[in-house]
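Let's have the full structure, built from the sequences with the hints guiding it.
Heads up: the protein sequence lines correspond to chains A and B, in order.
Reminder that position 164 of the first sequence reads as 164 in our numbering, one-by-one numbering, no gaps.
Reminder that position 6 of the second sequence reads as 6 in our numbering, one-by-one numbering, no gaps.
Warning: the hint list may mix true and false statements.
What the hints assert, rightly or not - Chain A stretches covered by chain B per the calculated footprint, using a threshold of three residues with CB under 8 Å from any CB of chain B:
id: 1; segment: 208–214
id: 2; segment: 234–241
id: 3; segment: 334–347
id: 4; segment: 354–367
id: 5; segment: 436–450
As the list claims (entries may be wrong) - Which chain A residues face chain B? A few, computed with CB under 7 Å, are given here:
id: 6; residue: Y315
id: 7; residue: S319
id: 8; residue: V325
id: 9; residue: P328
The set of hints was computed from the structure by calculation and includes no laboratory data.
Glycine included, each C-beta is placed from N, C-alpha and C at the ideal position.
Protein chains: 2
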Amino acid sequence: MSEGLHLKSARELARLFASRAVSALEIVEAHLKQIERVNPVVNAIVTLVPDAARDEARALDARLARGEEPGPLAGLPIGIKDLVATRGIRTTSGTISRKDNVPEHDDILVEHLREAGAIVIGKTNTPEFGAGSQTFNELFGATRNPYAPDYTCGGSSGGAATALAARMVPIADGSDHGGSLRNPAAFCNVVGLRPSPGLVSHGPVPNAYYPLTVHGPMARSVDDLALMLSAMVGFDDRDPLSIVADPEPFRAPLIAEFRGTRVAWVDIPGMRFDRRVRAVVDAHRSTFEDIGCVVEQATLDMSEANEVFQTLRAYYYASTLGSLVREPGSRIKETLVRNTEQGLRLNAEDIGRADLARTRLYERVRRFMQTYAYFVLPTTQVPPFPVDQEYVTEIEGAKMTTYIDWMSSCHYITVPGNPAISVPAGFTEAGLPVGLQIVGRHRQDLSVLRLARAFEQRTRFAERVPECAL
Amino acid sequence: MSEGLHLKSARELARLFASRAVSALEIVEAHLKQIERVNPVVNAIVTLVPDAARDEARALDARLARGEEPGPLAGLPIGIKDLVATRGIRTTSGTISRKDNVPEHDDILVEHLREAGAIVIGKTNTPEFGAGSQTFNELFGATRNPYAPDYTCGGSSGGAATALAARMVPIADGSDHGGSLRNPAAFCNVVGLRPSPGLVSHGPVPNAYYPLTVHGPMARSVDDLALMLSAMVGFDDRDPLSIVADPEPFRAPLIAEFRGTRVAWVDIPGMRFDRRVRAVVDAHRSTFEDIGCVVEQATLDMSEANEVFQTLRAYYYASTLGSLVREPGSRIKETLVRNTEQGLRLNAEDIGRADLARTRLYERVRRFMQTYAYFVLPTTQVPPFPVDQEYVTEIEGAKMTTYIDWMSSCHYITVPGNPAISVPAGFTEAGLPVGLQIVGRHRQDLSVLRLARAFEQRTRFAERVPECAL
Chain A
1 MSEGLHLKSA
11 RELARLFASR
21 AVSALEIVEA
31 HLKQIERVNP
41 VVNAIVTLVP
51 DAARDEARAL
61 DARLARGEEP
71 GPLAGLPIGI
81 KDLVATRGIR
91 TTSGTISRKD
101 NVPEHDDILV
111 EHLREAGAIV
121 IGKTNTPEFG
131 AGSQTFNELF
141 GATRNPYAPD
151 YTCGGSSGGA
161 ATALAARMVP
171 IADGSDHGGS
181 LRNPAAFCNV
191 VGLRPSPGLV
201 SHGPVPNAYY
211 PLTVHGPMAR
221 SVDDLALMLS
231 AMVGFDDRDP
241 LSIVADPEPF
251 RAPLIAEFRG
261 TRVAWVDIPG
271 MRFDRRVRAV
281 VDAHRSTFED
291 IGCVVEQATL
301 DMSEANEVFQ
311 TLRAYYYAST
321 LGSLVREPGS
331 RIKETLVRNT
341 EQGLRLNAED
351 IGRADLARTR
361 LYERVRRFMQ
371 TYAYFVLPTT
381 QVPPFPVDQE
391 YVTEIEGAKM
401 TTYIDWMSSC
411 HYITVPGNPA
421 ISVPAGFTEA
431 GLPVGLQIVG
441 RHRQDLSVLR
451 LARAFEQRTR
461 FAERVPECAL
Chain B
1 MSEGLHLKSA
11 RELARLFASR
21 AVSALEIVEA
31 HLKQIERVNP
41 VVNAIVTLVP
51 DAARDEARAL
61 DARLARGEEP
71 GPLAGLPIGI
81 KDLVATRGIR
91 TTSGTISRKD
101 NVPEHDDILV
111 EHLREAGAIV
121 IGKTNTPEFG
131 AGSQTFNELF
141 GATRNPYAPD
151 YTCGGSSGGA
161 ATALAARMVP
171 IADGSDHGGS
181 LRNPAAFCNV
191 VGLRPSPGLV
201 SHGPVPNAYY
211 PLTVHGPMAR
221 SVDDLALMLS
231 AMVGFDDRDP
241 LSIVADPEPF
251 RAPLIAEFRG
261 TRVAWVDIPG
271 MRFDRRVRAV
281 VDAHRSTFED
291 IGCVVEQATL
301 DMSEANEVFQ
311 TLRAYYYAST
321 LGSLVREPGS
331 RIKETLVRNT
341 EQGLRLNAED
351 IGRADLARTR
361 LYERVRRFMQ
371 TYAYFVLPTT
381 QVPPFPVDQE
391 YVTEIEGAKM
401 TTYIDWMSSC
411 HYITVPGNPA
421 ISVPAGFTEA
431 GLPVGLQIVG
441 RHRQDLSVLR
451 LARAFEQRTR
461 FAERVPECAL
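Next up, the structure:
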C-alpha cells in the first residue's frame, strides 16, 4: 500500500490516513525516500528533520488509533519555507548571519498547519531574505528546476515549488511580496496562490504592518491548495492585520459555473513578455471559452504600479535590514544592499506619493473589474532561465532597469492587493513550464480558486511528473 | 404626536416611523425646529439643508405608504461631519480653500447611511482638516459645549457630539484619528465608538491606505450607536481596507453577561490626568463590580505609542497636505502647518522605526489582554476647557510639549488599533461632562458595545438634557 504514496495528492493521502488505509509513518517514509533520491539533484530541501517527522507521524498514528478526529491535513508531510520560523528547526532566511538560528517558537502559520495535522519534514530553500525570484544563496547554493535542472526554479518560494513538483512533499507554504508564491509555481508546473492581505495570519515579524507581504499555500492541484488554505485562514490576534475568514468553503469541492463570466485577457501597457510564454498562455483563450467564459482582450492601465512597488519595497528593506546592512563585515547580497540603501534615501513624501499612487491604482483596477470578473495574464514574463544567471536583464530586446523588472507581471498585481493564482499552463517547445495567472475581483473574492480548478480540470498539466522524480 | 420627537431615541423614532405612528416629515420638522432654536447658541451645524431633508422625508413617507420595507435608520435625521463628502451639499473640511466645495458624490459611508434610510439634515462642524480636539476654524468659528457654552465641545467630531447632546439630531457620524470620535463624546455627554480599521468603509480619500483614521457612529445611547453601526459595517470594495462584517449582531439587543469578566483599571506610565476627571471615572470601579466584573488596578506599558502616533500622523499630513502647505498664500492653521513640515522632514527610517515600534506595542497590548477582557481609563485627560483656549498646555502642573499631548489617553489607543468606546461617566462639580473609555481585546472584538451598554443601563448620565436644549 505504501508503494507510490509520494505520487498521490494531498486530499487522497489525507483520506487514506483518516480511513486508516495507510499510517502517517508510511506516508512520511515514502516522502523521505523520495527526498533522499531526488533532493541531491534539485537542492530544494535545505534542512531535513527525518526523526522529528517520524516522531510526529507516530504520535498522529497513536492519536488516530485512540479515536481522535484527524485534522484536515493529518498525515501530510510539509516543507516550510526557510524564511518562516520553525521550533527547534534551523531557520536561516538564506543568510549567513542566521546560519545557526534555531527558533524557540513556530511561526503562527506553522502552528496552524501543525494543529491541522501537517508533519514538518524540512525547510525549503529561499533566496537571501526572500529577495528576488531566483532561489540561490551563499549558504545552500541554488535550487534547480525539477523539469530542467540547468534552469532556475524561480523564487522566492523556489524550494517549495521544486519540492512539490519533484514529489518530495504534497503541500508547501510560501510567501509572496512581489510574486514569490506565483513565479516559482509557474516555473515548476505547480499551483501557487497569493491570498489577499490578512487572510493567512503569520508572524511574529519585526514589521507586522507592512502591507505587501503575504503568506499562502502551494500544491500540485487547486483542490490540494484549497485544502491547505482551509488550515491557514482564520483570525489570529497575534497578527495585527489578520481578518476573520471561514475555512469551510475551501474544504468542500471547488465547483462553480462560469457560463457567461467575463474574463479579460489583459495587455498591461509597458509590460514585455517573452514570445514563448505568450504563445503558451494565449493558446488558452479557448480553454476559458470552453469553460463557458466570455474572453475579451482588454488594456489594463497599471501605470505607477512599478514606482509604488519599488518604493514600498525599498522602504520595507530599510525598515528591517537598515541596521544589518550598515554593520561592518555584513555579507548581504549586493542587490539587497542596493535596495536597502535606496530605501534609506527615501523621505516621507516619497512614501506618501507611493501610497497616493497606490490608492489611485486600486481604484483604476476596481473600475476595470466592474466589467470583468477576472483577468488573466502569464504569471511570468519569461520562461525559466539558466540557473547560473542571477536575474533577467532583457526581454525580447528590451533592457530591464533593475533586478526585479522582469517580475512586473507579478509585482504589479501585488500593489492593489487582489488575490492571484498561478496554475500550470503547459510547456515551451524546449519543455520548460509556463504558468497562467488568474486575478480576482477584489480582496474578499477567492473565487479565483474555482476558476483555476475548472481550468486545471481541462488541462491537467501538473500531472506530468518531472523526469528527476520518476 | 410630533411634540418632543427630538427628545426620543433613534431606535424609538425608527419604530415610530416604521409603524406609521409618525411620518419622516414630522420627525424632520421636529429636529429642524430644535436646530433653529438651539444651533445659534452652540454652532454645531454649519450647513443646513432643510428643503433637501424635507424632500427626502416625503420620499421616504411615500415609499413606506407603498409598502416598501423601511431601512434600519429610516426616518432618522443625521448630521454628517464636514470632512465627509455629501452630494450637492457644501463640504469644507473646515478650511478656507474649500469654502465653496460642493461634492458631486456622497462618501461611501454617507451612501450606506442614506441606503439605510437616514435623512441628511446638515453638516457638523470640525476643526480644519479634522486636526486637533478643539472644534474651531476660520470659516465657521468654534462649536460650543452644550452643557457649558463658554467651554469647548472637544473634537474633531465636535459638531456631531454637540448636535447630538443638544437634541438636534438622533445620530451622527464622526471620524477618529487620535480620538475624534471619543474626545467630543466625552466632552458632550454622548457615546462615540472608534471601531477597528476596515469595519466602516469610507472614501474615496487621497490616501486610502493610511491605517490610523477610521470612521464610526455617535449617538446618545449605546443601543442607538449600535443601530447606526449596523448600517455602516459591511464590505465595500471601494475602500481598499474594508473587511467583511455581519451587521445583525448590532441590530439585536446588546445583552451580555459579565459575571467574572476581568477588567483592568489601567495606569499608563507617563499619562497625566486632571484630578477632577480621575475622581469622576474612578468612582465607577464599583459600577463595573456591580455589573459583575472583577476590576483590577493594572499598569499598561504603552511606551513608544506617542512617538509612533506623532510620526505616522506627521507622515499622513505630509502625504496629503504637503503641496497645499507649500502654496503661497495658503491659510492653513499654524499647528497643522507645523505637523506637515514635521512630516516633510521624516525619512523612511523614521517611518520604519514607527512601524517596528507599533508592532512591538501591538504585541505588548495583546499580551496584556490575555489577562483582561477589557481595560478602562478616562476618555480624556482633562474636562472641557474654555472655548477661547486653542488647546491644553498643562495638566496638574505638567507642561505639554505639543498641541495634541493632552489627548494621549485617546491617541495611544489608536496605535494598536483596538476598538474603544467612550460612554458618559458623569459630571465634574462644575457640571462639565466626563467620559469613560472601554477598550476591547482585539480588532475583531466589538463586545465593548455590550459592556458599555451594561454600564450605561446603571448610570444613565446621557439622559440629562443640557439646558440650552430644553
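- Task: Tell me if chain B covers the segment 354–367 of chain A under the three-residue, 8 Å CB rule, please?
- Result: Coverage by chain B holds for the segment 354–367 of chain A (7 residues, Cβ < 8 Å).
- Verdict on chain B covering the segment 208–214 of chain A, where coverage means 3 or more residues with a C-beta closer than 8 Å: Coverage by chain B holds for the segment 208–214 of chain A (4 residues, Cβ < 8 Å).
- Task: Answer holds if the nearest beta-carbon of chain B is closer than 7 Å to that of A/P328; otherwise answer violated.
- Result: 19 Å, violated
- Does A/Y315 pass the interface check with chain B, least Cβ-Cβ distance below 7 Å? 5 Å, holds
- Task: Apply the coverage criterion to the segment 234–241 of chain A and chain B: a residue qualifies when its Cβ sits closer than 8 Å to a Cβ of the chain, and three qualifying residues are needed.
- Result: Since 4 is at least three, the answer is holds.
- Against chain B, with CB atoms and a cut of 7 Å, does the hint on A/V325 hold up? 12 Å, violated
- Message: When I compare C-beta atoms, does the segment 334–347 of chain A have three or more residues closer than 8 Å to chain B?
- Response: Our answer is that it holds, as 5 residues pass the Cβ test (under 8 Å) against chain B, meeting three.
- Do three or more residues from the segment 436–450 of chain A put their C-beta atoms closer than 8 Å to C-beta atoms of chain B? holds (count 4)
- Message: A closest beta-carbon separation below 7 Å is what the hint needs, so does A/S319 meet it against chain B?
- Response: 3 Å, holds
Violated hints, in rising order: 8 and 9; the structure is consistent with all others.
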